[in-house]
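Asks: Each chain, written out:
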Amino acid sequence: MIKPRWVLLMASVGAMLFLYAPVFLLIIFSFNASPMSVRWEGLSFQWYLQLLGDHALFEATQNSLLIALTSTVCAVIMGTGAAMVLERRAVRGVRFLNAALVLPLVIPEILMGVSLLLFFVMIQVPLGLITVMIGHIAFNLPLVILVIRMRLRKLDPLLEEAARDLGASAWQTFRWVTLPLLRPAIIGSALMAFTISLDDFVVTFFTAGPGATTLPLKVFSMIKTGITPEINALSAVLVMVSMALIGLALILQGKPIRQKIEGSYQG
Amino acid sequence: MVMFGISFATRGIYGGVEWIFSWNNYIRLADPLYGNIYLRSFLFAGLTTLMCLVLGFPLAYAIARAPQRWQPLLFILVLIPFWTNFLVRTYAWFFILRADGLINSMFMGMGVISEPLEILYTDLAVFIGLVYGYLPFMVVPLVIVIERIPRTLEEAAKDLYATAWSTVWRVILPLSKPGIIGGCVLVFIPTLGAFITPYLLGGGRSMLLGTLIQQEFLVIRDWPFGAAISFVLMGMVLLALLVTRKHAEMVGPS
Amino acid sequence: MEEFAVGLRKVVKFHGDTIAVDDVSLDMTKGEFFSILGPSGSGKTTTLRLIAGLDRPDQGEIFIQGRSMNHVPPHQRPVNMVFQNYALFPHMTVYHNVAFGLQMRGHSVTEIKSQVGETLELVKLHEKPHRYPTQLSGGEQQRVALARALVNRPAILLLDEPLGALDQQLRQEMQVELKEIQARVQSTFVCVTHHQEEALMLSDRVAVMDRGQILQVGTPQEIYESPVSTFVAHFIGLSNSVVGRISNYDGTMCTVMTPYRFSIQATTPKDHSSAEEVTVIVRPERVHLSPGPKHDGYDNSLPALINKVSFNGGEMFYKLDLQDGLVWTARVPMALRPSHRFQVGQHVYVQWHADHGLVLTH
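Here the protein sequences line up with chains A, Z and L, keeping their order.
Everything in the first sequence is counted per our numbering, starting at 1 for the first residue and increasing by one.
Everything in the second sequence is counted per our numbering, starting at 1001 for the first residue and increasing by one.
Everything in the third sequence is counted per our numbering, starting at 2001 for the first residue and increasing by one.
Just so you know, the hints here were simulated from the structure itself, not pulled from any lab data.
A hint or two may mislead.
[Stated by the list, open to error] Footprint (simulated), chain A over chain Z, 3 or more residues, beta carbon under 8 Å:
| # | segment |
| --- | --- |
| 1 | 1182-1192 |
| 2 | 1222-1236 |
[To be verified] Non-contacting residues of chain A with respect to chain Z, defined by C-beta distances greater than 10 Å in every case (computed):
| # | residue |
| --- | --- |
| 3 | R5 |
| 4 | V7 |
| 5 | A33 |
| 6 | Q62 |
| 7 | V94 |
| 8 | Q124 |
| 9 | R183 |
| 10 | G211 |
| 11 | T225 |
Note that the Cβ used here is the ideal one computed from N, Cα and C, for glycine as well.
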């Protein structure tokens, strides 16, 4: 009989390989000198240099960063406020609101994109950067609210009461006790929102108008028009940027990221 | 305020349709041509979920039971794809599967095949892409749940003469049911409406709900009909959510 | 009229449909250590929270230093609280936890510094101002919680199960220290606890509470010597009881007929009518055990079987089966003579004086 330990190990290694091999291969071959084939023809940085010279790409990156930054800031501010209200005040119709807040997290992205598209057209807002931003806020907001609410729920309400008892007004209590204790959740959700926004394709695809090309949209149109080594290079850059961001997040707050993810699943 | 916008927009699908077109779009939905696409979407989502479970469970178990020192690192390794651009990850398969891609050149180089295999732009490619794309969604909830199962339970099972296999089958699997259900929901629902993967890896040929909706909206520009399909997808999603919620307490992990 | 530190007048508080505090009136004198003793769910913590202003009464009025508090928010009351499990701010050091209240009230930096230092010294934590709460032991956390409240010089300090999270030994040490600290700061301390020994030891006066109602208020001696009801008696650890009816009462001495095969002699100052239903309580340390039936001047002597023997260092505890499931406890100082020690299974006689039996009517 085969040892179960070995089966387990092999299966896990297999699954990990399956997860990582494609992306790593892509990175490796982005340094390939050969323009078309997968045959290795020597190390080269020419595709990366080519990327640097691409003006449209630069613009798309700018758009992406702008959208990610605005939508993250808006989502975090609104989300913190909404989470506070939902957790700490008796709100009428909480059950309905909860359902309305979970729905965007579970439905396929394409539905979100289509809904937003219809919404914008109905209220006659021309598609552009603004609509993309609103779209991103729309999918980031429920996420931020979820993460912050989870954290709020774990906070001992006695801490806030203790502050009140020690002479802090409602605002002082929020500023000096609640907010600092929420900080890990706020940073964590902001990082999540930022990366998701940066990487989002589907919602952007449906809500972007002319002049609002983001990086993923650019990548998409490049893939559609044909495979070039330039895309390999661009993809590799994107992967490495993502990894750097994750690394940053981990350094910034040690392990809490992990708890955050757990938290967002318990919803 | 924006969350009202969301719910409003979600309802907007329905409203938009009702105004302009009445029920014609829903009658068109019954066309067997589309019926086939629903069925395919369901099948794809189901198979992907199953495959993710088969691949993900051993991995999740291994991570949950890894030595304490390695565990966080391994967990993060599974999480990284979450933060990696989905387009790029799909494109990576593009690169591997195409006619002059990695697999074909490798096999041809070894002399296994003489003609390049046609994998890209087939259902198989879409399937691989979907499993690849959503595997982490299965693994993460599983790890969280398995990790919470006390190791002593396994020791107790072994003490009571259970083999390693039966320990997994009779103890770990039933106890990780919440994780299995959670993971399945997290994989099944997005794959049901997947758009990028079938679009890129399936070419124009692999028509699923996601690609159909996109086509109606952005190519054919029949918005009301696209909205009607979206609404059907929404219904399927809600149905799937309801079913899992109901069965969460009754159905065994098999 | 004497000005009380805290006064509760017919206070009622509901939690949803259940009544948590039921028509409670209490007065706490300035400078006393007052304890509210009761089982969990008796409404004692709610009472404390009402005084602190963290909950609002549904009916009735609360006075602090003669002023009605019904419309005063918690941060404007001359009251501070030591929370159950302390509720220390995890993101602040010991120093900043203690300084919090003063900072919120806008005291100057130098003033804060000197007062925090002084208070930390009072609770013997002046060597660890830069630690975070998680780096402290349970006893140290308890002291921080105490300091954090005391630094504000509250007229009334509220303590919610202050020693509840500590182990037995630490609990005893802190009891002594708490008493000393109270003597130093001379504030009114209002303490909530379910631990009868703690309440009796710490307090000048104790209120026993159950199901939202105050059953008895008095000094620890009063409560212990003459509990007003069987509930109070049982709750403060007097476990030996037997029900019966008065059969003969001559003004001081009565005979109580029990449903068992014996009757009891007891003295009682209260007037009792014949056939009145009563409970007789005998404190475990008043019970004398004798190997034989001879009375030695005791008014009561009942046969019993030793069921269990335990020993806590200074005293022997005997669990006694009297008759038909009637179980009593005897607490006997460690006897030097082996002849006065008993073993499980031994037949003995349970003896006590008539004036050591408490006759309670409910």
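Asks: If a hint holds in the structure, say so; if it doesn't, say that too.
Replies: Structure-based check of all given hints:
{"no.": "1", "hint": "1182-1192", "in the structure": "holds (count 5)"}
{"no.": "2", "hint": "1222-1236", "in the structure": "holds (count 6)"}
{"no.": "3", "hint": "R5", "in the structure": "violated, 8 Å"}
{"no.": "4", "hint": "V7", "in the structure": "violated, 8 Å"}
{"no.": "5", "hint": "A33", "in the structure": "holds, 16 Å"}
{"no.": "6", "hint": "Q62", "in the structure": "holds, 17 Å"}
{"no.": "7", "hint": "V94", "in the structure": "holds, 13 Å"}
{"no.": "8", "hint": "Q124", "in the structure": "holds, 13 Å"}
{"no.": "9", "hint": "R183", "in the structure": "holds, 21 Å"}
{"no.": "10", "hint": "G211", "in the structure": "holds, 17 Å"}
{"no.": "11", "hint": "T225", "in the structure": "holds, 12 Å"}
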